[in-house]
Amino acid sequence: DAGITQSPRHKVTETGTPVTLRCHQTENHRYMYWYRQDPGHGLRLIHYSYGVKDTDKGEVSDGYSVSRSKTEDFLLTLESATSSQTSVYFCAISAHNEQFFGPGTRLTVL
Amino acid sequence: KNEVEQSPQNLTAQEGEFITINCSYSVGISALHWLQQHPGGGIVSLFMLSSGKKKHGRLIATINIQEKHSSLHITASHPRDSAVYICASRVRNFGNEKLTFGTGTRLTIIP
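So the sequence lines, in the order shown, correspond to chains A and B.
With my numbering, the residue at position 53 of the first sequence is 53, and numbering never jumps.
With my numbering, the residue at position 105 of the second sequence is 215, and numbering never jumps.
Derived by calculation from the structure, the hints in this document are not laboratory data.
Be aware that a few hints might be false.
To spell it out: a stretch of chain A is covered by chain B in this simulated footprint if at least three of its residues, at any positions, have a beta carbon under 8 Å from a beta carbon of chain B; those stretches are [said to hold, decoys possible]: (1) 79–89; (2) 94–103.
Pulled a few chain B residues facing chain A out of the computed Cβ check, cut under 8 Å [unchecked claim]: (3) G151; (4) I153; (5) P189; (6) L209; (7) T213; (8) T218.
Below 27 Å or equal to it, Euclidean Cα-Cα: the simulated DSS-like pairs (lysine-lysine) are [to be verified]: (9) B:K208 to B:K165; (10) B:K208 to B:K163; (11) A:K11 to A:K70; (12) B:K208 to A:K53; (13) A:K53 to A:K70; (14) B:K208 to A:K57; (15) B:K208 to A:K70; (16) B:K178 to B:K165; (17) B:K178 to B:K163.
Just so it is clear, CB atoms sit at the ideal spot from N, CA and C, and this is done for glycine as well.
Construct the entire structure; sequences and hints are all you get.
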């Protein structure tokens, strides 16, 4: 599993509240990714990082920000959660030409 | 824009049947990934291939670069193969890699 953990695993929050999801890896991989998974859509890239303090937007980045102050942690923040951000969020790392995924975080915005 | 399409979306088969899941993509890629997602959500990488064919146990993945098409085959299917199978095309751009995912094929194997 490439030592990837996500926290929290489940969260219910209210519209307008800030939410931060954490992805932690233990193997010093350079590339990290945040995806969201919704019914009827494939996994969609939100943001990715190619090193400490180096991040870039994916295809569905609106309403999300990220930070990577340490190699091992990649944080995804919803500044003001909306119901459209109810989803399952997966973190991934890239290693040996493959991507390895964390266990996912199920976020519900009421 | 790279698009990835999978077929069928849903597949139900009897235990022991030979299974084929197809994946088509629209642009040149550096590799094609096949992933498996079980109920409960964890995503596991099955194969990464850029040409030809790979085999792991009862699973076989093939890719035809010219036709922009890949297939995942399962021989002697078993109920534990029931899962969602996802293909993803990988494109490298200035050292960064990005995956574009299909919407998945939900496979159900009936005992």
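The hints, checked one at a time:
1. 79–89: With 1 residues in contact (Cβ-Cβ under 8 Å with chain B), the coverage given for the region 79–89 of chain A is violated.
2. 94–103: holds (count 7)
3. G151: holds, 5 Å
4. I153: holds, 4 Å
5. P189: violated, 23 Å
6. L209: Result: holds, 6 Å to nearest chain A Cβ.
7. T213: holds, 5 Å
8. T218: Where the cut-off is 8 Å and the nearest Cβ of chain A is about 17 Å from B:T218, the hint is violated.
9. B:K208 to B:K165: holds, 25 Å
10. B:K208 to B:K163: holds, 22 Å
11. A:K11 to A:K70: holds, 24 Å
12. B:K208 to A:K53: holds, 19 Å
13. A:K53 to A:K70: Holds, at roughly 8 Å.
14. B:K208 to A:K57: The given pair, whose Cα atoms are some 11 Å apart, holds under the 27 Å limit.
15. B:K208 to A:K70: Satisfied, since the Cα-Cα distance of roughly 22 Å is no more than 27 Å.
16. B:K178 to B:K165: Distance ~20 Å between B:K178 and B:K165 Cα, so the pair holds.
17. B:K178 to B:K163: holds, 14 Å
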